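Engineer: With mature numbering (1 follows the signal peptide of the UniProt record, and there is no 0) as the guide, the letters of the sequence shown map in order to residues -19 to -1, 1 to 413.
None of these hints come from the bench; they were simulated from the model. Where hints are given, some of them may not hold.
Simulated pairs of lysine-lysine, DSS-like, Cα-Cα distance not exceeding 25 Å [to be verified]:
no.	residue 1	residue 2
1	K174	K156
2	K129	K107
3	K66	K50
4	K156	K66
5	K236	K156
6	K328	K236
7	K132	K66
8	K233	K205
9	K339	K303
10	K117	K132
From a predicted model like this one, the values you see are computed outputs, not experimental measurements.
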Amino acid sequence: MKPAAVLSVLGALAGCCAGRLARAADDSNDTDHAEIQPKCFKQNYYINAAGDMRDLHDCQIISGNIVIKGYDSDSLDLGSISHIKGSLSVANASSLLRIEGVELATIDGTFALDTLTSLTSISLPKLESIDTIQWKVLPILSAVNLDKGIKRINSVVMSDTSLTGFSGFNVESLKTLNINNNRFLERIDSSVKEITDTLLIAANARNLQVSLSDLTWANTITIKDTSSLNLDSLQVVENSAQFINNRFSELKLPKLKSTGMTLSVINNKQVRAVEFPSLAEVGGGLMIIDNDQISRIDFFPVLRAIGGAIEFQGNIDASGFKQLKVVKGSAIIKSTSTQFDCNRWMKEEVSGVVRGGKIECGSGASRSTEVLLVDESGDITTGTPGVNSGVADGDHARKTLVQNGSSGSTPPGVGFAAVLLGFGVSWLAMQL
């Protein structure tokens, strides 16, 4: 009886013939390996020309890494390869226009593309399982066909491409999502629910819209240069969360409960509506700096504990933290608004919650700041006044305009000197 037939019979009678089943399975495995050509098993395949790649076209499984560098053709065809038990790396191939793999379904390792300055398209219609995508310096790549959709992937790093959209990754968990410097990228959509290491989105198209509406947990978040952001399901950030230099008009995280380290909202010039209705704890510092349209910092209604310092800067009229119990660091606010009441803020809002730092406040009414020193037990002493940088910088700018003759008004003393000079000229004319 043939091994395959033995295996079939024993499969039906597995309960009574375990020993024979094991032997039949061994025979079957030997047969499977015999059917795969020896050329398809190798630690590394170094491909420099189209002919090198054609030698592997009839391999369905490649057991090893495919390393392509300095490739001399305009097209890279992966032939019948359906599974790469290793990584696929393509770099420094200036003539390469297209990458095609009509059968490729699985890459166990990294799919790395680096410095392919002529690459315009990638077609991998059956690809659905991969460990890492790492694409860098693909300046004219504009078309990617992943029709089946990626169902298993750990990390995505995509930098300096001409892609206009990012989607087709139907996974619940990622280690890294790093998308930066894709100047035409206008939309990022993902159903990912957790990011265990880094979420970084920065320096893409000016009108980039980001929707990560299912994301509930992330280790570290950095969002820069976006025009809209959806993080409606986010509940926990294990480390820091930064929102910097964005163009969105609103920043709303309705379900965020805690950050393990610093929360930063910095230099978002157009943001008007900010909401953190569920945020109870910030493990590090809280920085709200230079957001021109934010005049009131009162969007943390249930925040109870801040594990680092508070630093607020901008045209801030008022702030309010009704539930705040402890700040384990300094509390500093430097406002350019004359409406801000430093006396009330220092005595009523923060003096009772700061432990082991300084309280410093400056408003638009003064170039200096008031300073109180607070030890860990809450005892307060008066410190040396500081400089209200926002107001001082404004004064410096006005002085510079005067010195350069750019001011619309006459500087003090100049008018009087002109009068004296005019009087002298008139008197001299009368004498003559």
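Engineer: Are the hints correct? Go through all of them and say.
Structural biologist: Results of checking the hints against the structure:
1. K174 to K156: It holds: about 11 Å lies between the C-alpha atoms, which stays within 25 Å.
2. K129 to K107: 5 Å, holds
3. K66 to K50: Distance ~19 Å between K66 and K50 Cα, so the pair holds.
4. K156 to K66: 20 Å, holds
5. K236 to K156: 22 Å, holds
6. K328 to K236: 31 Å, violated
7. K132 to K66: 17 Å, holds
8. K233 to K205: 15 Å, holds
9. K339 to K303: 20 Å, holds
10. K117 to K132: Distance ~22 Å between K117 and K132 Cα, so the pair holds.
The structure does not agree with numbered hint 6 stated previously, though it agrees with all others.
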